[in-house]
Amino acid sequence: MSNQTRVCSNNDFFQLLERVKRKDQIALARAITLLENEPENALSIEELYASEVNSTSSYIVGFTGSPGAGKSTLVDSYVSMLRKTGAQVGIIAVDPSSPFTGGALLGDRIRMKRHFTDDGVFIRSMGSRGCVGGLNDAIFGVIMLYKLYGFDYIIVETVGAGQSEIDIVYVADTVVLVLSPGGGDEIQLMKAGIMEIADIFVINKADMDGSDLLKVNLEAVLKFSEQEKSIVLTVATSGKGVAELAEKIESHKFFLKDSGEIEARRLRRLRKHAETIITRRVRTLLDDEKDLNGKVSEFVERIVSKLCAS
Amino acid sequence: MEGKKIRVLIAKPGLDGHDRGAKVVARGLRDAGMEVIYTGLRQTPEEIVKSAIQEDVDIIGLSILSGAHMSVCKKVLELMDKYNFHVPIFVGGIIPPDDAEELMRMGIKAVFGPGTPIAEIVKKIEEVLGVKTNT
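As they're listed, the protein sequences go chains A and B. For the first sequence, full-length UniProt numbering gives the first residue as 1, with consecutive numbering after it. For the second sequence, full-length UniProt numbering gives the first residue as 1, with consecutive numbering after it.
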């Protein structure tokens with residue numbers, strides 16, 4: 001992992017990248033798998049296609065929110081809206097991997113059935129594979145692949161996020177936080193973490209009791225934020241409010257471009273990507289360190305037995 | 001958490017609405033350390049193959065209880081040729097023994113009837129793929 005040759009030795013990967021550039025979906029899917037298995041492959045994309053990747057105008061929209069809030073269904077509706085404009089869309093949907101077996105049930109795709117046979121939409125499900133920020137370390141590389149392919153919009157859906165899974169803020173240009181009624185009182189809305197990272201707030205399931213109160217509470221809380229932030233009410237299953245959401249995303253996009261903020265977000269993404277690569281390398285060094293794991297568990301056992309004895 | 005994971009697509013082609021078996025298998029394979037993409041009810045062969053391509057799965061599991069297994073499997077295999085994407089397929093459901101044999105001749109790798117233990121399915125998948133899950 002630590003030496004350059006391992007990153008670049010993968011000839012298959014190079015060939016795949018050429019095919020990705022020619023919009024070959026089989027190659028794109030294979031390349032994503034190679035990235036998932038070895039996230040440092042992203043460095044090869046950077047090395048070979050930096051100009052292509054940096055010059056594309058792919059816009060990255062992140063959807064986050066608690067499990068069952070309706071993120072996937074909302075993405076499905078939003079994508080239909082984008083497809084009407086002819087835009088090509090690449091979706092990355094992350095679901096949690098088991099910390100015990102490493103297995104995962106990836107069930108976001110099931111909400112997006114109507115796009116399965118549309119060649120203008122590419123959907124990829126990913127397991128979080130031990131990453132705790134709501135995404136997966138390979139996400140940065142997959143975004144580069146999507147840019148190389150030339151999607152107009154890249155949509156990243158996080159795992160069902162609680163309060164502190166906020167990595168999407170390092171990835172997306174626009175972050176959409178999906179809330180739904182029944183998620184608690186206004187104190188929940190005042191807490192730090194996920195409430196701070198949203199550019200647009202969606203109250204989904206707006207046909208359910210409690211959505212008006214949630215809106216009032218949210219408006220009160222947002223009065224304190226520096227930037228004006230929009231709240232959109234949606235019913236993702238019927239598509240209600242989704243056109244307004246699409247408009248808000250567009251105006252946020254123009255705001256970012258106009259203010260130059262979009263460049264700051266791009267740099268933030270690159271920095272975070274570099275950090276994840278370094279962190280992984282350090283972790284690998286530690287894993288390679290002889291007996292370290294043995295020593296740690298020995299230490300844990302010593303503390304446990306002391307505590308049990310007292 | 002590192003390295004290759006077996007990715008499986010579990011899909012339910014056809015018009016019947018009985019997805020309990022597909023869900024049990026999906027859950028069981030998850031517990032065996034695989035990444036399982038579940039696409040739900042009423043999938044067309046085209047939708048299944050396109051999903052398998054985008055998800056770059058190693059193997060596809062089709063759950064069929066409607067009796068349409070011969071035509072569905074034939075169509076899925078044809079589409080794999082059309083798109084030049086080939087991965088092994090296993091079928092679960094109510095499949096008469098003669099049909100099961102015919103399916104295997106067509107290129108389906110395994111047919112599992114009701115009551116098949118999950119462990120047997122896991123073992124067969126590992127055998128077909130020539131790998132061992134890391135659990």
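Some hints here could point you the wrong way.
[Said to hold, decoys possible] Coverage of chain B stretches by chain A, computed from C-beta distances (three or more under 8 Å per stretch; other residues unrestricted): (1) 24-30; (2) 33-40; (3) 70-77; (4) 107-118.
Because the hints were derived from the structure by calculation, they are not lab data. Since the structure is predicted, the reported quantities are computational estimates derived from the model, not experimental observations. Glycine included, C-beta positions come from ideal geometry on N, C-alpha and C.
>> Is the listed coverage of the segment 24-30 of chain B by chain A valid when you require three or more residues with a beta carbon under 8 Å from a beta carbon of that chain?
In response: holds (count 4)
> In terms of beta carbon proximity below 8 Å, does the segment 70-77 of chain B have 3 or more residues touching chain A?
Replying inline: Per the Cβ count (0), the hint is violated.
>> Can you confirm whether chain A covers the segment 33-40 of chain B, using C-beta to C-beta distances below 8 Å and requiring at least three such residues?
In response: holds (count 8)
> Are three or more residues of the segment 107-118 of chain B within 8 Å, CB to CB, of chain A?
Replying inline: n = 0 at 8 Å, threshold three: violated.
Hint compliance for this structure: hints 3, 4 are not met, and every other hint is.
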